[in-house]
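Student: Now for the letters of each chain:
Protein chains: 2
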Amino acid sequence: MSYRIREMAIKARAASLRLAQASTAKKDAALRAMGQNLLAYQDAIIEANKIDVQNAKEKGLKEVMIERLTLNPSRIAGMAEGLRQIATLPDPIGEVIDGWKRPNGLEIRRVRTPLGVIGIIYESRPNVTADAAGLCLKSGNSCILRGGSEAIQSNTSITDALVEVLDGEDIPKDCIQLIPYIDREAARELMNLNGLVDVLIPRGGEGLIRSVIENASVPVIETGTGNCHTFIDASADLDMAAEIVINAKCQRPSVCNAMETMLVHEIIADEFLPQVAPMLINKGVEIRGCPRTREILPNASVAIEEDWATEYNALILAVKVVDDIGQAVEHINRYGTKHSEAIVSNDFTSAKRFTDEVDAACVYVNASTRFTDGHEFGFGAEIGISNQKLHARGPMGLRELTTHKYIIYGDGHIRT
Amino acid sequence: MSYRIREMAIKARAASLRLAQASTAKKDAALRAMGQNLLAYQDAIIEANKIDVQNAKEKGLKEVMIERLTLNPSRIAGMAEGLRQIATLPDPIGEVIDGWKRPNGLEIRRVRTPLGVIGIIYESRPNVTADAAGLCLKSGNSCILRGGSEAIQSNTSITDALVEVLDGEDIPKDCIQLIPYIDREAARELMNLNGLVDVLIPRGGEGLIRSVIENASVPVIETGTGNCHTFIDASADLDMAAEIVINAKCQRPSVCNAMETMLVHEIIADEFLPQVAPMLINKGVEIRGCPRTREILPNASVAIEEDWATEYNALILAVKVVDDIGQAVEHINRYGTKHSEAIVSNDFTSAKRFTDEVDAACVYVNASTRFTDGHEFGFGAEIGISNQKLHARGPMGLRELTTHKYIIYGDGHIRT
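Line order of the protein sequences matches chains A and B.
Oh and the first sequence: position 142 is 142 in my numbering, straight run, nothing missing.
In my numbering, each residue's number is its place in the second sequence (first place is 1) plus 1000.
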């Protein structure tokens, strides 16, 4: 089979050069029209979605996957509302990030510009199609969307509705394209179009992300895995600690900013563990403890080495009693995924040491790791959470979908 | 053969966590001591270098490569001086980039931190060893250096001199390591140590850079290729244009920010080309022209399609007469490598359009593309020039060797 991914990317790049020049007003009008058109095509989108859901059932997909795949009027209204909200956000493009004058008189400005062409590789949830297209458009980028095969009908129908309005809004229609092929070769081609595609953002499970990192020569922003810790320091307010722990573990256990391991200072372990354990168990949490934890909580399961490195994404919590903050920091820097880490403490030196020494995108003092999120950070939107260090680290909003160019003014300057 | 690259990286990562906490004063003292020790070991370094040079001659390496490889007291003094200069630069680590308070009272700060472990893969020039080690140390990063096989004795000797002083300065010695193996498998292993190595920076020719991009799963900052243009607009001051063109082409033709193609507006082509051509020819430049150029300069060689896409790095200049600025921008966005592009113009609208629409790291008005350089930009140092859009674009100084972490303060905040 012969693919046309390169042709798609060439068109996307041409469109991106035009889109980079589009005014904020035009982009916002297009976003609102896109949302409007999703509502207008609601019936067609739901019909297409039914085919995907039927196929998924026949293939025996898990119930939770089918639930994520399924669209209804309320979810489509949510997508439309998402696009309208993106239209209300400030436009990052054109910001003068900084600027200065050199001793020789050269004037240098650093101006925020779109990245160009962004490839989004994602799984199951069809709402990512509208969401990613909207964020890319607002930030002046063309996107090439590669959804999961299980959602191909839904994604095609959504993309058709989005693209239909672009011409009328004077936005190049090639700035939103969905790859219509469902096999892996198409994705592989996308991942290696250096010079045409500026960045890939995978959104989905660990397997998807790993596959993109291993197969892509185009730069990738790694999102996802969060093996997050909360350390309860000797000086912690234990009621506060219990509330934070319950929130970080139980409020939404399936997401990357949920806590997976709790570390407890030995000085307060005897008091804190019996206090928090019943609250966790009451919420359905299985506790897997180190030997010292199990001395205090004899009913806890045994935590093995593997537990310290596991992102459960479920109601399971590994618990370890540590000698001191040094051991807590060491454990986190060894097993963590550099995502979100918290200390509950009332000691200034401990709080400072923890935030200084823990190597992670987001380091919290006296707050739940669940706040690692573009909306909670005030970015107004989120394309994902990066846990790599290059380009974007932590929640990624519109700003993280941009780069800069240097614009330099001279009056005949030559280098000597 | 079994390699120990992973063990090196594990040590480098442990050292990076300590180095991240080192004070500016300590890092600067170490940099000065490193420079001092290069001078102390000058004779040993030159002895080691002689072996490399001898081997290179026996292998029949090109004269220019041998010239780059050769060390002498003045070059070693230059390396030492480079390290002393890095010690005088402001420390980027710890800068509060921005910060805000959320409506719920959460306080968010974004603080500049080191990247962690940087792999530098480079060719021939042994001075890169000292330079890269110094820049990484100042920015709080461990480095794993992988120089070319032709410089292995020199690089080893330089690294030994650098590392020797670290312990005494209370800087972890594993923060500077040179890979002692000269075959390709060692480099390949380094390129795929995701989670241990945070970024790879290749420095060298196009083949080296391409190989790193294709073989690495660790994120890469692409440096290098510059197919740079200068567009002489209808409104240009032609004397200024000639000066800029001569400078951009001839001042140092072998580097990435030198001009490779000149685009000339048709309105002034009849006047400008006969004015500038003798000046170029006088400097030894071969002109390869489009048909319209050759009507005006009948002695010019013929430019073929390939010329527009070629980075000559030599005294050759492709010349094309264009209808208007639109055609110039289109040509640049088609054939350029998004590095450095210039317009010579006295027309406000043209200058604005050019800087808006040309997609490149550095876009100049009335200045030579030769200014794309960390020192010329005022960064005080340069690890390379990025022509990718992710993380760093354009000249890379110390700031570009950093990332950030978010530090978030709450008082028991939980997400609802």
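A portion of the hints provided could be inaccurate.
Simulated restraints, written as ranges between beta carbons of each label pair [to be verified]:
hint, chain 1, residue 1, chain 2, residue 2, range
1, A, G99, B, R1084, 22 to 32 Å
2, B, R1399, A, G195, 17 to 27 Å
3, B, P1180, A, G195, 26 to 36 Å
4, A, G207, B, E1063, 47 to 57 Å
5, A, R334, B, D1170, 49 to 59 Å
6, A, R334, B, G1060, 31 to 41 Å
7, B, D1270, A, G105, 41 to 51 Å
8, B, R1084, A, G195, 19 to 29 Å
9, B, D1239, A, E107, 20 to 30 Å
Just so you know, the hints here were simulated from the structure itself, not pulled from any lab data.
Virtual Cβ for every residue (Gly too), placed ideally from N, Cα, C.
Student: It remains to establish, for every hint, whether it holds in the given structure.
Tutor: Now the hints, each set against the structure:
1. About 29 Å separates the C-beta atoms of G99(A) and R1084(B), a value consistent with the hinted range of 22 to 32 Å.
2. Look at R1399(B) against G195(A): about 26 Å separates their beta carbons, and that is inside 17 to 27 Å.
3. Range check, P1180(B) to G195(A): Cβ separation about 35 Å, and the 26 to 36 Å hint holds.
4. As the Cβ distance of G207(A) to E1063(B) is approximately 52 Å, the hint placing it in 47 to 57 Å holds.
5. About 23 Å separates the C-beta atoms of R334(A) and D1170(B), a value inconsistent with the hinted range of 49 to 59 Å.
6. For the pair R334(A) and G1060(B), the beta carbons lie near 49 Å from each other, so the given range of 31 to 41 Å is not met.
7. Taking the beta carbon of each, D1270(B) and G105(A) are about 32 Å apart, not inside 41 to 51 Å as hinted.
8. The hinted range of 19 to 29 Å is not satisfied by R1084(B) and G195(A), whose Cβ atoms lie roughly 39 Å apart.
9. For the pair D1239(B) and E107(A), the beta carbons lie near 21 Å from each other, so the given range of 20 to 30 Å is met.
Going through the hint list in order, the structure does not satisfy hints 5, 6, 7, 8.
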